[in-house]
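2 protein chains.
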Amino acid sequence: MPKYIYKKKTKNWLFFQNKQEDLIPQSHIAHYDLNTLHSTEDAALNKEQVLILTPMQTFHIEYWNNLLQLSYPRELIEIGFIIPRNKNGDETLKNLEREIKKIQTDKKESRFKKITILRQEQESDSFNALGEKDRHSLEVQKERRSKMALSRNQLLFSTIGPYTSWVLWMDADIVETPTSLIQDMTFHNKPVVSANVFQRYFNEDEKKDAIRPYDFNNWAESSLGLQLASKMGEDEIIVEGYAELATYRLLMAHSYKATDSPSETMELDGVGGGCTLVKAEVHRDGAMFPTFPFYHLIETEGFAKMAKRLGYAVYGLPNYLVYHIEE
Amino acid sequence: MPKYIYKKKTKNWLFFQNKQEDLIPQSHIAHYDLNTLHSTEDAALNKEQVLILTPMQTFHIEYWNNLLQLSYPRELIEIGFIIPRNKNGDETLKNLEREIKKIQTDKKESRFKKITILRQEQESDSFNALGEKDRHSLEVQKERRSKMALSRNQLLFSTIGPYTSWVLWMDADIVETPTSLIQDMTFHNKPVVSANVFQRYFNEDEKKDAIRPYDFNNWAESSLGLQLASKMGEDEIIVEGYAELATYRLLMAHSYKATDSPSETMELDGVGGGCTLVKAEVHRDGAMFPTFPFYHLIETEGFAKMAKRLGYAVYGLPNYLVYHIEE
Numbered sequence: 001m002p003k004y005i006y007k008k009k010t011k012n013w014l015f016f017q018n019k020q021e022d023l024i025p026q027s028h029i030a031h032y033d034l035n036t037l038h039s040t041e042d043a044a045l046n047k048e049q050v051l052i053l054t055p056m057q058t059f060h061i062e063y064w065n066n067l068l069q070l071s072y073p074r075e076l077i078e079i080g081f082i083i084p085r086n087k088n089g090d091e092t093l094k095n096l097e098r099e100i101k102k103i104q105t106d107k108k109e110s111r112f113k114k115i116t117i118l119r120q121e122q123e124s125d126s127f128n129a130l131g132e133k134d135r136h137s138l139e140v141q142k143e144r145r146s147k148m149a150l151s152r153n154q155l156l157f158s159t160i161g162p163y164t165s166w167v168l169w170m171d172a173d174i175v176e177t178p179t180s181l182i183q184d185m186t187f188h189n190k191p192v193v194s195a196n197v198f199q200r201y202f203n204e205d206e207k208k209d210a211i212r213p214y215d216f217n218n219w220a221e222s223s224l225g226l227q228l229a230s231k232m233g234e235d236e237i238i239v240e241g242y243a244e245l246a247t248y249r250l251l252m253a254h255s256y257k258a259t260d261s262p263s264e265t266m267e268l269d270g271v272g273g274g275c276t277l278v279k280a281e282v283h284r285d286g287a288m289f290p291t292f293p294f295y296h297l298i299e300t301e302g303f304a305k306m307a308k309r310l311g312y313a314v315y316g317l318p319n320y321l322v323y324h325i326e327e
Numbered sequence: 328m329p330k331y332i333y334k335k336k337t338k339n340w341l342f343f344q345n346k347q348e349d350l351i352p353q354s355h356i357a358h359y360d361l362n363t364l365h366s367t368e369d370a371a372l373n374k375e376q377v378l379i380l381t382p383m384q385t386f387h388i389e390y391w392n393n394l395l396q397l398s399y400p401r402e403l404i405e406i407g408f409i410i411p412r413n414k415n416g417d418e419t420l421k422n423l424e425r426e427i428k429k430i431q432t433d434k435k436e437s438r439f440k441k442i443t444i445l446r447q448e449q450e451s452d453s454f455n456a457l458g459e460k461d462r463h464s465l466e467v468q469k470e471r472r473s474k475m476a477l478s479r480n481q482l483l484f485s486t487i488g489p490y491t492s493w494v495l496w497m498d499a500d501i502v503e504t505p506t507s508l509i510q511d512m513t514f515h516n517k518p519v520v521s522a523n524v525f526q527r528y529f530n531e532d533e534k535k536d537a538i539r540p541y542d543f544n545n546w547a548e549s550s551l552g553l554q555l556a557s558k559m560g561e562d563e564i565i566v567e568g569y570a571e572l573a574t575y576r577l578l579m580a581h582s583y584k585a586t587d588s589p590s591e592t593m594e595l596d597g598v599g600g601g602c603t604l605v606k607a608e609v610h611r612d613g614a615m616f617p618t619f620p621f622y623h624l625i626e627t628e629g630f631a632k633m634a635k636r637l638g639y640a641v642y643g644l645p646n647y648l649v650y651h652i653e654e
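Chains as they are written, first to last, in the working numbering: chain A, 1 to 327; chain B, 328 to 654.
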């Protein structure tokens, strides 16, 4: 079989120069039948391929270790990262590559099917180009989420294949999930399903470890939210979690009940990107992350709206918790 | 290098069973730097990869022969087809595969870099599930174009890679273009640029061969068009080329001047998919083909609006003609 070499885009990178060669038959013809590509509740049994996508501004070893403890078969997992083009990104890349190298050069059974690292084109695209203290103000948040949406699209369009059954969006600051995360979430067999992102912390008043809700982007629409939107200018957006903009939406973050079943579902209208599983066909039909106001929503919340416009239902798992890193 | 075999999705297909094996290193890590991925006016010189995408309901040998006469280097061209799941599609697939086989098993210099054939999931997705006579009524057109948008998205998401510089949308009924089509169109170095689709016919009155405009989806917005849109219900759409819905938009189809330069450009707000070149970054940033009304536009016209919302400009080449098959 003749040897095929991808155009080397990355000659200044630190590692793996010799890993870029693919052996592809030169008379390459690929056939894919979307009719035989499934995403089912028995994903692992049916050998369905899962693409885990993570926009990464900072490498947390806890994120990586959590990924490594997932029990879904690694030969069915591809992972894609997108990293901002700035100094912080250089450091992130170095740390990420070091850990990837350990796994992908380890014994065959330990390796993921494929790992793709994408570096952003411009520093101005960086989804973390904001100071930490600015990150949660409303105006700054709009710009940040628009850039995050751009990054998600670049990552998605570059990595999804005609053989991908599921896409798992997992943020780089998610550091703790059940081992059976992918099996658990695929089992619900929903077009879009989002886990509830909480955070562990030390409760100073009660002097003990505790948990608190973290991601407020998973919500069900309220009539007040719709009313608010109807009065807005074309380019205004609603972002959840700001006192300036009370929406009275039902937030999944506040719907957690410790005593109820973790497999309980609720219908949602907006989702976050913390830990959200999407059937690949939803993306393939056209659902992306709007960088511009789409029904007054952007990024993952706009994506949920787009999935619904494409005819898909969106769900959340209020009692299925995953954890954001302590800051 | 260990041997890697894609999961065979297509065991009932007619040909090429033995062509599906890819040799990929098992410790596969791919690095792509979007900063070094360019789309420039010197595309061929800079070895920029072009992805030609064609939704194909009927195989016309004239389309294929036209593709083969393009002078852009074939080692830089990937082609993707999506074919409906119906009887017509079976025939199309057979004819297409026969011709592809000739080229991709021919001598190395004749081969395209890669050809991907995608078969749609369901018969109901078929973008040609309508009788020929219905194809041009307004109501039917809406549904047809929504399905066409779906097909374009499925094809795009399945074939675009992190190494793709340009995407050329070429309809299956385009049978005549200049040999230098890709060089000519990339030379304009625009985010989106559309050729003017005409049709050859025999003028019975004048008893001679003649040409006439064919694709009316390339247009610049008018104040009346905007006014029309502002009065429409959320899910109504404007489709160009129907007497029921006069928009007074400036149509590129009517802007052709035989005596003017073929390299002349005009700014557009809507495009058709007949022969439209897109910088891959426009798609990668999120521009897809809305299957639902997006600013009262769908499919390629909605795509143009989305590209503009993402900050890209859209152009047409009024005097650069390509030809639709005679029906």
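What the hints contain is simulated information worked out from the structure, not anything from laboratory work.
Hints are not guaranteed to be accurate.
With a Cα cut of at most 30 Å, we get these calculated DSS-like pairs of lysine-lysine [claimed, not checked]: (1) B:K414 / B:K374; (2) B:K584 / B:K535; (3) B:K584 / A:K308; (4) B:K435 / A:K47.
Footprint (simulated), chain A over chain B, 3 or more residues, beta carbon under 8 Å [unchecked claim]: (5) 441–451; (6) 497–505.
Keep in mind it's a predicted model, so treat the numbers as computed, not measured.
Every residue gets a Cβ at the ideal spot worked out from N, C-alpha and C, and that includes glycine.
Comparing the hints with the structure gives:
1. B:K414 / B:K374: violated, 39 Å
2. B:K584 / B:K535: holds, 20 Å
3. B:K584 / A:K308: The hint is violated at about 44 Å.
4. B:K435 / A:K47: The hint is violated at about 35 Å.
5. 441–451: Held - the region 441–451 of chain B has 9 residues with a Cβ nearer than 8 Å to chain A, which meets the minimum of three.
6. 497–505: Since 0 is below three, the answer is violated.
Consistency with the previously given hints fails for numbers 1, 3, 4, 6, ordered from lowest to highest.
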